[in-house]
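Enquirer: Single-letter residue listing:
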Amino acid sequence: MEFFQNILLGFQVVLDPTNLLLCFIGVVVGTMVGVLPGIGPVGAMALLLPATFRATPTSSIIMLAGIYYGAMYGGSTTSILINIPGEAASVVTCLDGYQMARQGRAGPALGMAAMGSFIAGTLSVIGLMWIARPLAKAALRFGPPEYFALMCTGLIILTYLAQGSILKALMMALVGIIIGNVGLDMITGLPRFTFGIDELTDGVGIIPVVMGLFGISEVLINIERTLKRDIFQTQIGHLWPSLKDWAVAKWSILRGTLIGFLLGILPGGGAILSSFVSYAVEKKVSKHPERFGKGVIEGVAAPESANNAAATGALIPLLSLGIPPNVVMAMLYTALMIHGIQPGPLLLKDNPDLFWGLVASMYLGNGLLLLLNLPLIGIWVRVLKVPYRILFPLIILFCLIGAYSVNNTTFDLFLMIFFGGVGYLMRKFDYEAAPLILAFVLGPLLEQSLRQSLLISKGSFTIFISRPISAVALGFGFLLLLSNIFPFIKKRRQEYEKIEE
Amino acid sequence: MKAYDQGSSLFWLLFSVFVFIESNRLGIGTLQNPETGFISFGASGLLGILSITLFLQSSFRKEGAKTKSPFQGTLWKRVFLVLIALLLYTKFMPVGGYLISTFLLMTFLFFIVERQKLRWVLVLSSLATLVTYYVFSKWLNCQFPPGLFGF
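Chains as they are written, first to last, in our numbering: chain A, 1 to 501; chain B, 502 to 652.
Honestly, the hints are just simulated from the structure, not real lab data.
Quick reminder that beta carbons are idealized off the backbone N, C-alpha and C, glycines included.
Take these hints with a grain of salt, some might be off.
As the list claims (entries may be wrong) - Listed next, with one range per pair, are the computed distances between beta-carbon atoms:
#  : chain 1 : residue 1 : chain 2 : residue 2 : range
1  : B       : K563      : A       : P134      : 52 to 60 Å
2  : A       : L479      : B       : W621      : 58 to 66 Å
3  : B       : Q644      : A       : M186      : 27 to 35 Å
4  : B       : K639      : A       : L455      : 47 to 55 Å
5  : A       : T188      : B       : L619      : 33 to 41 Å
6  : B       : L511      : A       : I469      : 39 to 47 Å
7  : A       : V472      : B       : G574      : 32 to 40 Å
8  : A       : I187      : B       : I550      : 34 to 42 Å
9  : B       : K639      : A       : I7        : 34 to 42 Å
10 : A       : R141      : B       : T531      : 46 to 54 Å
11 : B       : L547      : A       : K284      : 54 to 62 Å
12 : B       : L511      : A       : T188      : 30 to 38 Å
Said to hold, decoys possible - Listed below are the simulated DSBU-like cross-link pairs for lysine-lysine, each with C-alpha atoms no more than 30 Å apart in a straight line:
#  : chain 1 : residue 1 : chain 2 : residue 2
13 : A       : K349      : A       : K284
14 : B       : K569      : A       : K294
15 : B       : K592      : B       : K639
16 : A       : K428      : A       : K284
17 : B       : K618      : B       : K578
18 : A       : K428      : B       : K563
19 : B       : K503      : B       : K578
20 : A       : K458      : A       : K428
21 : B       : K592      : B       : K563
22 : B       : K592      : B       : K569
23 : B       : K639      : B       : K578
24 : A       : K428      : B       : K592
25 : A       : K294      : A       : K428
26 : B       : K592      : B       : K503
27 : A       : K349      : A       : K294
28 : A       : K428      : B       : K639
29 : A       : K428      : B       : K503
30 : A       : K349      : A       : K287
31 : A       : K287      : A       : K244
32 : B       : K563      : A       : K294
33 : A       : K428      : B       : K578
34 : A       : K250      : A       : K284
35 : A       : K294      : A       : K284
36 : B       : K503      : A       : K294
Can you build the whole structure from these sequences, using the hints too?
Expert: So, in C-alpha cells, the structure goes:
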C-alpha cells in the first residue's frame, strides 16, 4: 500500500507544470546531445547545471536525469547512421548498427534501438522501485577486492570485443590503463605523468579522448579517401522492426536490460561498460557469433537496452548510498549538493518527493522519448543527408565545442586533436580504440581497488579468492579468458595437423 | 601488414619502456604498500611483453603477396593539413576569439575537401559560426574566449 502511495506522490510531483516542462526539456536536450557527436550528456549537464540553480532540487534533478537517459536514446542514431557514437555508451552500437545501415537496414536498426531503449528504460525503472533497497544493501557489502575482481572481469571481456587481433586489443587495454593513470595519485596525492602540465593534474578527460579517437579520427579517415563519398545512400525505410527481428531480438533486449541494470548499480560500471558486456554476452550466446560486427540486430538491441537500463540502475548507488558510480552521476551528485540535498540512505526518508518524483519522471520521460524519438529520427536523418564536404566541418566543430565546453579550456582541444591523430594511425595499423577507451575508464577504479585490497590483505593476493563475490567474479573472468584461448589453440592444432598431413 | 605490425610493436615497446622507467622513478612500493607507480609499472611491463610477442608473431608470419602501404593511394596530405588547421585554431582561439577563429577554420574546412564557390563557402562558414555561437554561448552559457577584440 505504501508503495502505491509513493508512486502516487511521484506522479503528483512530476505532473506539476514546471516539473513536466523541465522533464520534457531534459529528454529533448538529452536526445539532441546524444544524436550530435561532439557533446555528450556530461557536457550538456555541465552546461545546463547553472540554469537549474533557480529551480527546486526536484525540478533540477528531473531535468538533469532526463538529459542522461535522453542521451542514451539519441546516442544510437549517429552510431548507426555515420559510425560516430553520439556518446561513449553508443560506441558498441557502431559495430552492427552501422553495418545494418550499410546493408540498407538503417530503419529497423534505429527502430529497434529506440524500442529496446524504451523497454529497458521502463523495466529498469520498475526494478529501481522494487529492488533499490535490498540491492543497495548487497552492493554495500562489496569491498575493494570485489570491485577489483569485477573490473578485471570487465577488462577480460575486452578480448571478446576484438574484431581483429586479440593481442592488439590487449595492448590497447594496457595503453588505456596507462593513460587513465595520468594525474594525481588518488591515495598519495602525488602527480604522475603530468610532465609539469597543470591541466594534466586532474587526469586526461574522457570526452577529449572519446571525441578524438572516434569523432576526429573517423573524419580524418573519411576525408583522405574520396571527395564524392555518399554515406547516406542507404534507405532508412520503415522504422518498425519486422516480426522476425523481434523474434531474434526479444531475448537480447531482456538480457541487455538485466545486464545493464545490474552493471549500472556497480561503481565504474555504468552505461559504457554495460553496453560492451551485453554485446559480448550476445556474441557468446549466439548461434552465429561470426555474424556479429557484420550487421545483426541483436548487436544493436542488446547494447542499446543495456545502456538505458544502466542509466537507471546507476541512480541506485547515488540515491541510496550517496556514491556517484560514474561521471554523469557525479554531475547529479554535485547538483544535489548545490541544492543542499545530501544523497545517501536518508534521502528516501527525508526527501521522498525527490526520489519518487524522479522515478515517476523517468516513467513519463521514457514514454515521451518513444513518442519523440521515432518521429525525430527523420529530422536527424535529413540533417545527416547533407553532403560530407559540408557535414565533416560541422562534425569537427561540434567535437571542438564538446571538448571545450566541459572545462572551458583549450588544453582539452589539444588533447582531442592529439587523440584524433593517434586514432587515425591506430585505424591505419589495425588497432581498435574501444578496448583503450574501456580500460581508460576502468583503469583508475581498478588501481584504487587493487591498492586498497593489497593494503587490507598486507600484500596477499589470496584476498581475491578468499572472498566469495570476488572469487566468483574472477572465476567467471578466468573462464571467459579460457573460452577465448581454446578456439585459438584448436585452430593452431588444426593448422599443424594439416601441415603434418 | 607484416612490416607495419613490426614497426607499431616496436613503437609500443618503446612507449612501454618509457612508462616502465617513469613508474620506477615515481616509486612502485611493495605489495604490502603499493605506491604511485605500481599500476603503471605492471601495465607497462605487460605491454612490453605483448609488444615483443606481436613483433615475433609478425616476424614469423608468412605473407604471400606484397602488402601495400596503408597510406598508398590516399590523400594523407589533406589529413595532415586538417590536423595543422585544428592545432592552429586551438592556439589562435584564445587570442582571436571564438567568432573570428571559428569562421576562419570553417572557411578552410569547407574549402579543403572540394573546391566550392567562395560565396557559398563564406555563407556556410558564417552560418555555422553564428548559429553555434548563439546556441552554445548565449543559450547554453558555454564560455568561449572573447579574444582581443572582445567577441
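Enquirer: Hints first: check each against the structure and report whether it holds.
Expert: We went through each hint and held it up to the structure:
With their beta carbons about 58 Å apart, K563/B and P134/A fall inside the hinted range of 52 to 60 Å. Our hint of 58 to 66 Å for L479/A and W621/B holds, since their Cβ atoms are close to 59 Å apart. Taking the beta carbon of each, Q644/B and M186/A are about 28 Å apart, inside 27 to 35 Å as hinted. At about 50 Å, the CB distance of K639/B to L455/A agrees with the hint of 47 to 55 Å.
Evaluation of the 33 to 41 Å hint for T188/A and L619/B yields a failure: the beta carbon distance comes to about 57 Å. At about 41 Å, the CB distance of L511/B to I469/A agrees with the hint of 39 to 47 Å. In this structure the hint that V472/A and G574/B lie 32 to 40 Å apart at CB is violated, the actual value being about 52 Å. Between I187/A and I550/B the CB atoms are about 27 Å apart, so this pair departs from the stated range of 34 to 42 Å.
Under the hint 34 to 42 Å, the C-beta atoms of K639/B and I7/A, about 40 Å apart, fit the expected range. Checked against the hint of 46 to 54 Å, the pair R141/A and T531/B fails, with Cβ atoms roughly 29 Å apart. For the pair L547/B and K284/A, the supplied restraint of 54 to 62 Å is violated, since their beta-carbon distance comes to about 25 Å. Distance hint check for L511/B and T188/A: the Cβ-Cβ separation is about 33 Å, which falls inside the suggested range of 30 to 38 Å.
Pair hint K349/A plus K284/A does not hold up; C-alpha atoms about 43 Å apart against a cutoff of 30 Å. Of the pairs offered as hints, the one joining K569/B and K294/A holds, with about 25 Å between alpha carbons and a cut-off of 30 Å not exceeded. Between the alpha carbons of K592/B and K639/B the distance comes to roughly 23 Å, so the proposed pair stays at or under 30 Å and holds. Simply put, K428/A and K284/A have alpha-carbon atoms about 28 Å apart, close enough for the 30 Å limit, and the pair holds.
Under the criterion of a C-alpha separation no larger than 30 Å, the hint pairing K618/B with K578/B is consistent with the structure, at around 22 Å. With a CA separation close to 21 Å, the supplied pair K428/A and K563/B stays within the 30 Å bound. Distance restraint check for K503/B and K578/B: the Cα-Cα separation of roughly 24 Å lies within the 30 Å cut-off, and the hinted pair is therefore satisfied. Taken as a hint, the K458/A and K428/A pair is broken in the structure, with Cα atoms around 45 Å apart against an allowance of 30 Å.
In summary, the hint linking K592/B to K563/B is not supported, as the alpha carbons are separated by about 47 Å, beyond the 30 Å threshold. For the suggested pair K592/B and K569/B, the alpha carbons sit about 36 Å apart, so the restraint of at most 30 Å is broken. Restraint check: the Cα-Cα separation between K639/B and K578/B comes to about 37 Å, which exceeds 30 Å; the hinted pair is violated. Using a Cα cut-off of 30 Å, the hinted pair K428/A and K592/B holds, with the two alpha carbons roughly 27 Å apart.
For the hint linking K294/A to K428/A, the alpha-carbon distance of about 20 Å falls within 30 Å, and the restraint holds. Of the pairs offered as hints, the one joining K592/B and K503/B is violated, with about 38 Å between alpha carbons and a cut-off of 30 Å exceeded. Note on K349/A and K294/A: the hinted pairing is violated, with a Cα-Cα distance of about 50 Å set against a maximum of 30 Å. At most 30 Å may separate the alpha-carbon atoms for a hinted pair to count; K428/A and K639/B exceed this at roughly 40 Å.
A hinted pair counts as satisfied when its Cα atoms are at most 30 Å apart, and K428/A with K503/B qualifies at roughly 13 Å. Using a Cα cut-off of 30 Å, the hinted pair K349/A and K287/A is violated, with the two alpha carbons roughly 48 Å apart. At roughly 16 Å between alpha-carbon atoms, K287/A and K244/A fall within 30 Å of each other, so this suggested pair holds. Taking the CA atoms of K563/B and K294/A, the gap is near 27 Å; set against the 30 Å cutoff, the hint holds.
Between K428/A and K578/B, the direct Cα distance comes to roughly 15 Å. Compliance with the 30 Å bound is thereby established for this hinted pair. Among the hinted pairs, K250/A with K284/A is consistent with the structure: their alpha-carbon atoms are about 16 Å apart, no more than 30 Å. With a CA separation close to 15 Å, the supplied pair K294/A and K284/A stays within the 30 Å bound. Of the pairs offered as hints, the one joining K503/B and K294/A holds, with about 25 Å between alpha carbons and a cut-off of 30 Å not exceeded.
Violated hints, in rising order: 5, 7, 8, 10, 11, 13, 20, 21, 22, 23, 26, 27, 28, 30; the structure is consistent with all others.
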